[in-house]
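Kindly produce the complete structure, drawing on both the sequences and the hints.
4 protein chains.
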Amino acid sequence: MANNHHKEVLDRLRRIEGQVRGIQKMVEEERYCIEVLTVLRSVVAALGKVEELILRRHLETCVSGAMRSGSVKEQDEKIDEVMQILSQFRR
Amino acid sequence: MANNHHKEVLDRLRRIEGQVRGIQKMVEEERYCIEVLTVLRSVVAALGKVEELILRRHLETCVSGAMRSGSVKEQDEKIDEVMQILSQFRR
Amino acid sequence: MANNHHKEVLDRLRRIEGQVRGIQKMVEEERYCIEVLTVLRSVVAALGKVEELILRRHLETCVSGAMRSGSVKEQDEKIDEVMQILSQFRR
Amino acid sequence: MANNHHKEVLDRLRRIEGQVRGIQKMVEEERYCIEVLTVLRSVVAALGKVEELILRRHLETCVSGAMRSGSVKEQDEKIDEVMQILSQFRR
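Protein chains in written order, with the working numbering: chain S, -11 to 79; chain U, -11 to 79; chain Z, -11 to 79; chain Y, -11 to 79.
Worth flagging that the hints you see were computed from the coordinates, not collected in a lab. Errors might be hidden in some of the hints.
Because identical chains cannot be distinguished in the list, a pair is counted as satisfied if it fits within a single copy or across any two copies.
Calculated cross-link-like contacts (lysine to aspartate or glutamate; reagent style EDC-like; alpha-carbon spacing at most 20 Å) [stated by the list, open to error]: (1) LYS13 with GLU23; (2) LYS37 with GLU5; (3) LYS61 with GLU48; (4) LYS37 with GLU48; (5) LYS(-5) with GLU16; (6) LYS37 with ASP(-1); (7) LYS37 with GLU16; (8) LYS(-5) with GLU40.
Written out as structure tokens, the structure reads:
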């Protein structure tokens, strides 16, 4: 399962890298701003999907591990980390 | 602690309710759009703060409780719920 | 048209005010966190809709007015204002 | 000025492309999820900056051009396009 997760994340990141290169080409070809902005938005959405995959796995492994067998201090640290990531999600 | 948490959430929600009423007054007085938009943004930020308070408490109580003593099924459900809330956070 | 716009914005703000009061009641009744978070998200979405209505009207009136008959300085100011609002939209 | 704008946008996109490749390496090296998520967030912020640069230029050129000398229909189209991009900004 870990391997499937890694593979999916890497596949998505490679596709995103290709999209970013595609946007560079659009800018060089002076394509209409609104078209470029639309593709930029789809790249941001694709990155958001990668973030969700990684965060879900983090909750399923590290966070639930700490909850089950970590000290109270470790549990608090995990929750703080998750909350920090979440508050960055709004930005 | 539960009482402090509740009190803080309720205080913030009452202040937000007052701000929403204040925006209605600004609209009635035909205040400049950009001013109204700025206050609207600060209300959205204040709601975001309330969401963070509630989510943090949810992680500290319900989610960590399920991780510690819930069945695998209950643990999965909690993680699914958190992930659903998080993906709504982007909207 | 200005009146319709005002009326729609005010109606929406009154409904949002009612929803914020409803959330206070949910918190007092100790409703499940995830339910409260879901309603909070719908209030944020409703505020987003109000922001869009006001911004659209601002573009249609003040901004397009400045573009048509304002000085270059006034035009630059309008664009700066819109860009500041937009960069706040991400937060 | 158009050239400076293009150069800045392209420089930023190339840096973003490099960051996306860097994240792939982090995933391959099994770096801690929270570190990966933090870098992903900084890429999203960098893309947001590119979006702002392009949108500002769009307002300064195409939109203000349509406001000054376009037909009412063209003006409405420009405003609709901007509003569509803005509502995507929330997602």
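Hints the structure fails to honour: none
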